[in-house]
Structures are given as C-alpha cells and as structure tokens.
Amino acid sequence: AQSVTQLGSHVSVSEGALVLLRCNYSSSVPPYLFWYVQYPNQGLQLLLKYTSAATLVKGINGFEAEFKKSETSFHLTKPSAHMSDAAEYFCAVSDHNAGNMLTFGGGTRLMVKP
Amino acid sequence: KAGVTQTPRYLIKTRGQQVTLSCSPISGHRSVSWYQQTPGQGLQFLFEYFSETQRNKGNFPGRFSGRQFSNSRSEMNVSTLELGDSALYLCASSLGQAGVGSYNEQFFGPGTRLTVL
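Line by line, the protein sequences are chains X and P. Each residue of the first sequence is one higher than the one before, starting from 1 at the first, in this note's numbering. Each residue of the second sequence is one higher than the one before, starting from 1001 at the first, in this note's numbering.
Hints listed in this document are in silico derivations from the structure and should not be mistaken for laboratory results. Check before you lean on any hint, since a few could be wrong.
Once the Cα atoms are required to be at most 30 Å apart in a straight line, the calculated DSSO-like pairs of lysine-lysine come out as [claimed, not checked]:
| no. | chain 1 | residue 1 | chain 2 | residue 2 |
| --- | --- | --- | --- | --- |
| 1 | X | Lys58 | X | Lys69 |
| 2 | X | Lys69 | P | Lys1057 |
| 3 | P | Lys1057 | X | Lys49 |
Generate coordinates for the entire structure from the input sequences, incorporating the hints supplied.
Below you can see the structure in the form of structure tokens.
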C-alpha cells in the first residue's frame, strides 16, 4: 500500500522567507502526486498536482513543487512567504489503479512570523 | 458553479447513537468520496461511490456505511457511535471514476464536524 511521509509536522518561517515543505512517497511506480492546503474550519483546496507531465509543477498562490523520481520526493516551495500562507498543508498520492482514492501524509502546519 | 456542499456543518451526538451526513457534489460530478480527518489518524479514505455503486472502500468497520442517489448526492451513516468517531468528515466530488492510468481532480467540501460525547 502507498504511504506518504511529510517531514516536520510544524514549520515556522518569517514573512518573506523561503517556504519548503517536504513530502516523500513510497511507491516504486510514480503515482499521481498532489499538494492540498487547509485553512481553519475549511475543506481542502488543491494547490498543484503532478500527473506525469513536467517534473516542475506550478500551482496557485505562487507555490510550486518538483517531482524527483530518484528521491521519491515531491517537495513544495514558495520563494517568499506571506502571512496568508499560514495553514495546514497536505501531500497526497493516488495510485494509477486506485481510482479516485487519495492517500494523505500527516500534514505540515505552516506558521508565518511577521 | 456551486461547490461541494455538506450538511450539517456541525453535529453533536452521544455514544451509541447513529448519525447521517449528507454531501451534494458539484453539478455534473458523478463520483463522491468520503474521508475522515482526526488529529491522531490524519486524513483517511472511507469510501467512494460512482453511479450509485460503491467502487472503493477504506479500512473502517462496518458501522460506517454510505450510499449514493441517482442525482449523485451521497450520504454516509455511522451507527453505534463511539467517542473515537469524533472527527471532521470531508466529502469530495469528481467528474467520474478514474480508470487505470487516469485521474479525475477532486473537489472537497467544507466538511461536517462530528462531536461524540
């Protein structure tokens, strides 16, 4: 079964600093990969997805992620953090034969200091 | 186009009771999936319905069940509630069932927060 590991349950950055949220998956066959963001008392919003096209994926709100097969990683980055980026971020994977089922990582809570 | 709606948004029940949660997908979407989110276990897949048929099921006890209606609206039911069932239940809709080698983007609702006392 697929598993997803997000290193760091809490990450704190200063406003304007680089944001780096780490995600590693377990499959030997590259799955579909996603990053979602969740604001308090809300559902999940898709930031970006990798579906075997370009390895560098650009998403909404200035986020991007790079798929690295050799490292089984899909880390999320943003060059300059904004206060509004404070939220919980989830990495998720979907196997090619798993239908629409998503397997999520444990989540990383991003805090942005002024 | 309206997003995924879930009702009710908040619910308080006591142990032993049962509960039914409702999800209305985006218009035209035929697949509905349910997830449970808890601080301890994180986000876990419950089940997926497509065209009124359960297509996929997560590792949850039989107390958790669901169904989908002909208009694609879905309900999930939890019987004999336990304290550990307290969670945010998220529903996600997508256009259709993904085949091998394809994926349909899922759109999540705001969730129903269930508290079991």
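Comparing the hints with the structure gives:
no.	hint	verdict
1	X:Lys58 x X:Lys69	17 Å, holds
2	X:Lys69 x P:Lys1057	29 Å, holds
3	P:Lys1057 x X:Lys49	23 Å, holds
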